[in-house]
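In order, the protein sequence lines correspond to chains A and B.
Going by UniProt numbering, 157 is the number at position 157 of the first sequence; the sequence numbering is gapless.
Going by UniProt numbering, 174 is the number at position 174 of the second sequence; the sequence numbering is gapless.
It is possible that some hints are incorrect.
A few chain A residues that don't get close to chain B, going by computed Cβ distances all over 12 Å [unchecked claim]: (1) 26; (2) 40; (3) 52; (4) 79.
A short, non-exhaustive set of chain A residues, derived as facing chain B with CB atoms under 7 Å [claimed, not checked]: (5) 30; (6) 31; (7) 35; (8) 49; (9) 102; (10) 105; (11) 108; (12) 109; (13) 119; (14) 146; (15) 147; (16) 150; (17) 169; (18) 180; (19) 184.
With the Cβ distance kept under 8 Å, some of the chain B side facing chain A (calculated, not the full set) [as the list claims (entries may be wrong)]: (20) 118; (21) 159; (22) 174; (23) 177; (24) 181; (25) 184.
Keep in mind that the hints were calculated from the coordinates and are not lab data.
The beta carbon of each residue, even a glycine, is placed where N, CA and C say it ideally should be.
Number of protein chains: 2
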Amino acid sequence: MTSKLEARQKARQDDIIAAARRCFRNSGFHAASMSQIAAEAKLSVGQIYRYFANKDAIIEEMIRRIIDYRIAEMEGKTQTKLMPHLLACRFTLSEDDDALMLEMSAEATRNPQVAAWLAEADERMFNNACTMLQKEHPHLSPERVRCCVEVIAVMMEGSIYRRLTPQKVSPEALEKIYQEIINMLITAK
Amino acid sequence: MTSKLEARQKARQDDIIAAARRCFRNSGFHAASMSQIAAEAKLSVGQIYRYFANKDAIIEEMIRRIIDYRIAEMEGKTQTKLMPHLLACRFTLSEDDDALMLEMSAEATRNPQVAAWLAEADERMFNNACTMLQKEHPHLSPERVRCCVEVIAVMMEGSIYRRLTPQKVSPEALEKIYQEIINMLITAK
Numbered sequence: 001m002t003s004k005l006e007a008r009q010k011a012r013q014d015d016i017i018a019a020a021r022r023c024f025r026n027s028g029f030h031a032a033s034m035s036q037i038a039a040e041a042k043l044s045v046g047q048i049y050r051y052f053a054n055k056d057a058i059i060e061e062m063i064r065r066i067i068d069y070r071i072a073e074m075e076g077k078t079q080t081k082l083m084p085h086l087l088a089c090r091f092t093l094s095e096d097d098d099a100l101m102l103e104m105s106a107e108a109t110r111n112p113q114v115a116a117w118l119a120e121a122d123e124r125m126f127n128n129a130c131t132m133l134q135k136e137h138p139h140l141s142p143e144r145v146r147c148c149v150e151v152i153a154v155m156m157e158g159s160i161y162r163r164l165t166p167q168k169v170s171p172e173a174l175e176k177i178y179q180e181i182i183n184m185l186i187t188a189k
Numbered sequence: 001m002t003s004k005l006e007a008r009q010k011a012r013q014d015d016i017i018a019a020a021r022r023c024f025r026n027s028g029f030h031a032a033s034m035s036q037i038a039a040e041a042k043l044s045v046g047q048i049y050r051y052f053a054n055k056d057a058i059i060e061e062m063i064r065r066i067i068d069y070r071i072a073e074m075e076g077k078t079q080t081k082l083m084p085h086l087l088a089c090r091f092t093l094s095e096d097d098d099a100l101m102l103e104m105s106a107e108a109t110r111n112p113q114v115a116a117w118l119a120e121a122d123e124r125m126f127n128n129a130c131t132m133l134q135k136e137h138p139h140l141s142p143e144r145v146r147c148c149v150e151v152i153a154v155m156m157e158g159s160i161y162r163r164l165t166p167q168k169v170s171p172e173a174l175e176k177i178y179q180e181i182i183n184m185l186i187t188a189k
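Assemble the whole structure, with the sequences as input and the hints as a guide.
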């Protein structure tokens with residue numbers, strides 16, 4: 001009985017998050033209210049409040065899920081081998097996730113609560129990437145690993161951001177340069 | 001007489017742009033309406049329309065000015081010398097400009113008109129940076145110059161984006177790595 005109830009509650013929560021994502025994508029952070037999210041999820045506002053105390057709680061859960069997905073997708077892959085190609089072709093796991101994170105980042109510049117969630121999300125991603133890179137390249141010092149992850153994070157965020165404007169150079173030429181940068185980063189220091 | 005009128009019109013236009021910037025920063029793109037901008041500029045809505053046909057025209061002018069300022073600040077500086085330090089300390093010309101560009105980027109994911117202005121702005125910045133880098137390093141092929149500018153742009157955008165979360169490694173260690181990357185980029189190819 002309990003597990004059936006839990007499954008139904010989980011499904012309802014999923015619906016609300018999906019509806020919130022559509023609202024934020026279509027109308028932006030401020031234009032999407034709790035009542036709009038309820039309407040989009042085909043629920044009453046009262047029902048929504050049974051699952052989430054407020055809009056902030058929905059946003060927190062939405063960010064958490066995006067980061068969980070990104071970490072899960074990193075797992076078990078030799079990141080530094082794939083990285084030059086992924087950067088050069090401006091690869092993304094999900095355009096929708098990227099757009100939502102951009103929306104949240106714009107909001108974070110005026111909303112300390114959203115900024116705190118983004119900082120937490122970034123720290124989780126960062127530490128996870130450090131653990132993976134250290135395992136892949138045990139000869140690197142922990143300090144060097146953190147530097148590498150920071151520079152790779154900068155390049156990934158920058159590439160995702162630049163997907164908004166047309167690519168101006170050939171991905172092949174870019175891939176060679178990114179390969180050189182990654183090689184340099186993981187050389188023993 | 002004409003120049004006096006022009007000066008007054010220019011001052012009025014400046015006031016409107018400044019008011020629009022404050023509105024977008026405080027309430028986000030969608031929450032800021034023409035009547036809000038008018039109120040913030042202490043003008044009537046009718047007066048605003050004498051200077052800008054609509055909110056889009058204000059946004060276009062706002063983006064144009066941000067890019068003009070960035071290009072003017074690049075002018076006459078040996079970019080590749082300064083770059084490692086600027087990247088490592090996550091330097092920005094203006095936090096307000098960055099936040100507004102982030103707001104515009106989030107909007108660009110659903111608004112093709114804003115996306116087109118950002119693409120135009122990026123192209124102007126990109127071509128300007130290419131001209132400067134080519135002058136600074138005449139031995140580089142034009143194709144190599146474009147690749148360098150793209151990678152530098154990725155690192156700059158990524159660094160600005162990551163200013164939203166706490167820095168996790170020492171700027172000194174980062175600066176050395178960025179220096180190696182820049183040296184590699186401008187080595188004759």
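Run through the hints listed earlier and report the numbers of any the structure violates, in increasing order. Result: hints 1, 7 and 8 break, sorted rising.
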